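Enquirer: When you get a sec, could you build the whole thing from the sequences and use the hints?
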Amino acid sequence: MVLISTNTIAILTVGLISSSIIVFWIKKLLNSRLILINTHLTFLSKALKEKERQQQVLYNISTSIFILDNIKKIISSVLSEITVMYQWPNIAYLPQDNLKNGLLSYGQPIKLPSEQIFKMARDGAEVANITLNQSKSQVGIFLVGSKNNPLGVLYATHSQGQFTQDQVLFFKTVAHLLTLAMENNQALLG
Amino acid sequence: MNGIVLVIFIFLLAVVIRVSKIISLIQDLKSAQLRTRQLNFLLEGKNKQMTLLTNLFPKTSTLQSKESRINQLLDDISQILQWKMSAFWEFNEKGQFLEFKYHRGLSKEYLLVMEDLLHNKIPVGGFGSGRTISTKQPVVVNNWLKDPQLKGVEFLSQAGNIHSFAAFPVATNAKTYGTLHLYAPQINEFKLNEVQLFTTVANSLAVILENDDKKAVVD
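Just so you know, the sequences run in chain order C and D. FYI, this note's numbering numbers position 111 of the first sequence as 103, with every residue one higher than the one before it. If you want this note's numbering, it's the position in the second sequence, counting the first as 1, plus 28.
Calculated directly from the structure, the hints in this document are not laboratory data. Remember, it's a predicted structure, so these values are computed and weren't measured experimentally. Don't be surprised by glycine CBs; every beta carbon is placed ideally from N, CA and C. Heads up, a few of these hints could be off.
[Stated by the list, open to error] No more than 20 Å apart at the CA atoms, straight line, and that leaves these computed lysine to aspartate or glutamate pairs for EDC-like:
(1) K139/C - D115/C
(2) K38/C - E72/D
(3) K41/C - E222/D
[Stated by the list, open to error] Here are some, though not all, of the chain D residues that point toward chain C, as calculated from beta-carbon distances under 8 Å:
(4) V35
(5) V44
(6) R46
(7) S48
(8) L173
(9) P176
Expert: Okay, here's the thing in structure tokens:
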């Protein structure tokens, strides 16, 4: 009886320790998988929120700029939407006639020379890496108008990293909306 | 004997606690995977919406006819967004009515009713499209059979198996082109996301058509 009970206790003890080890490893595996998925979920949630902000901005722009009768108001409205609603402060618009008349750009100061920006826009560059005063950043250059009839350039700086494809597409869409509004306005003014 | 029972009991309790923790972890994992699928689905939807919008903008300076632009838009709504039923009602300024001119995915019964009973026309102010033109605001009906302004035309809903629809004015300050209609077989299909998207599309289309008209005059 004493022998049996000792063996039983020994077996139970070994069983308990083995099952504890197995459970420990299973939990570790499941936890690491859960952490991975939660990280991905956080990324997806952020991406979705950004898409929703983009859609809101495009909606706001499309309901405001087409009824404005002044190109300056159109540009201000767009830059304001991007800065406030999209929370992207580093945005500017460089009009084509800036090259002739020396007008200032709208929005944040542009650090590259105008001629260089327009050349890049005409060459189809959308995103470029630049180094100014030893600091690197990426700029987005989005032509407003067409190659044959450029009206200006929408200029965005990414201070913290690189433009995603979605962000490039968003700014291109904004540039398209600006093109529509400005061409429409020019035609109105004759 | 009592000692053995106690040890066995403690052992079993320990196993149960550990297994229940694993089960809880597995449930968390399943919820997280489901949420990931939901978010991926939503993101895919948003990407399709952006594609629809960018496809709308003129790619070249070559003039495209109004018919061509409207047909292209309805095709894109069907193929890119996979939104089955849509239409464009064209505004006739002289007659002050809307003409049911372009459509996709609507049933034969609905088209027959539109032709036989309404002669493919509705007056400004009448039904959804007419109200859209007179107010220059979108009209959203998320439950056709319960909308008081559509009493008496339930037969249209039944003919087309349409339970919610939305009409968006395609108009600039200077000119009204018509209304863009989206239809759905379920109720409550039009939420903020859909209203914003199609308002953006309709507003952009209006300006594109107006720009085309001006370029045609110049040429």
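Enquirer: Look at each hint and say if it fits the structure.
Expert: Quick rundown of the hints versus the structure:
1. K139/C - D115/C: 9 Å, holds
2. K38/C - E72/D: 14 Å, holds
3. K41/C - E222/D: 16 Å, holds
4. V35: 6 Å, holds
5. V44: Not OK, violated: V44/D not within 8 Å of chain C, min 11 Å.
6. R46: Holds: closest Cβ of chain C sits about 4 Å from R46/D, inside 8 Å.
7. S48: Constraint on S48/D not satisfied, violated at 11 Å.
8. L173: 29 Å, violated
9. P176: 27 Å, violated
Hints 5, 7, 8, 9 from the earlier list are contradicted by this structure; the remaining hints agree with it.
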